[in-house]
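Following the hints, position chain B against chain A.
Line order of the protein sequences matches chains A and B.
Residues in the first sequence are numbered from 1 upward in steps of one, following the working numbering.
Residues in the second sequence are numbered from 163 upward in steps of one, following the working numbering.
Hints were generated in silico from the structure; no laboratory data involved.
Quick caveat, the model's predicted, so the values are computed rather than measured.
You can take every hint at face value.
With the Cβ distance kept under 10 Å, some of the chain B side facing chain A (calculated, not the full set): (1) Gly-193; (2) Tyr-194; (3) Ala-197; (4) Gly-211; (5) Tyr-214; (6) Gly-215; (7) Arg-234.
Built from N, CA and C at the ideal position, the CB exists for glycine as well.
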Amino acid sequence: MRALLRLYPRRWRARYGEEFAIILAATPPGPGTVLDVVRGALDAHVRETRRGPLVRWALLALCAVVVGWLNLHTTDDVQPVAAALLVFGFAFGVHRPARAWCSGAALFAAVPVSGAWADLAANHLSLGGAAPVLESVIALIPALLGAYTGAAVGWGVRRARA
Amino acid sequence: MKQTEGIGGLGRFAEPAVLVLVSVADQPKHGYAIAADVERLSGVRLGPGTLYGAIARLEERGLIEPVPSEDRRRPYRLTPPGAEALRGHLELLERVTTAGRRRLARA
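Bound conformation, chain A alone (with noise of 0.2 Å):
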């Protein structure tokens, strides 16, 4: 029965978890029990995700808007994007240093979307050609090195506060 505690997310589990293991003892097994449980691990999670990473998502796609934008309407010059994909991946990295693989990776996808759909488009805009998609690869660069560098700073400002 204890095992069902793992269905739970970490933090759910750090903080409740002991009384919960407890109380999970104490309570005769049966399938009525293990759905009780099931059930209120999976409500654990969805408002475990409800809870700000909506926000984080939605200012992750926002960015990856700007990204994207910047990439159709700056083609003459890569600075711009470089810049908002280095600037970006930083302060996502910063603020959760765990996803910054996750943070880089959805920041640099804004440039091969955004010049497959100018690509898609060329026939119908004239938008003067962003880079191709195969091309913009290079743009990983400088959103993981943003992203990872903000997780360096996080993790460093995290060890310095515990």
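Then chain B, alone, in the frame of chain A:
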């Protein structure tokens, strides 16, 4: 708070939450004592998942709070906003109960 959202805006999760609030209204209790008290009071046996779902929600909304304790079983007590929310909910239930009794008597 809109009454349609239930106590503390808990909606469909309000029922176990109300039972937990009533249970800790007189004195702090830990999870196991709350479950036993609720069962004695209402005949409802709250499973561990339901009980701690309610406790987590109530604590998140500041309606209950843990009492510092050496014991691994942390007791919870009602906060002033929790007392206010419970009072409002019980008044609503009382109005509904009174109206229900009156209508049944006329039927």
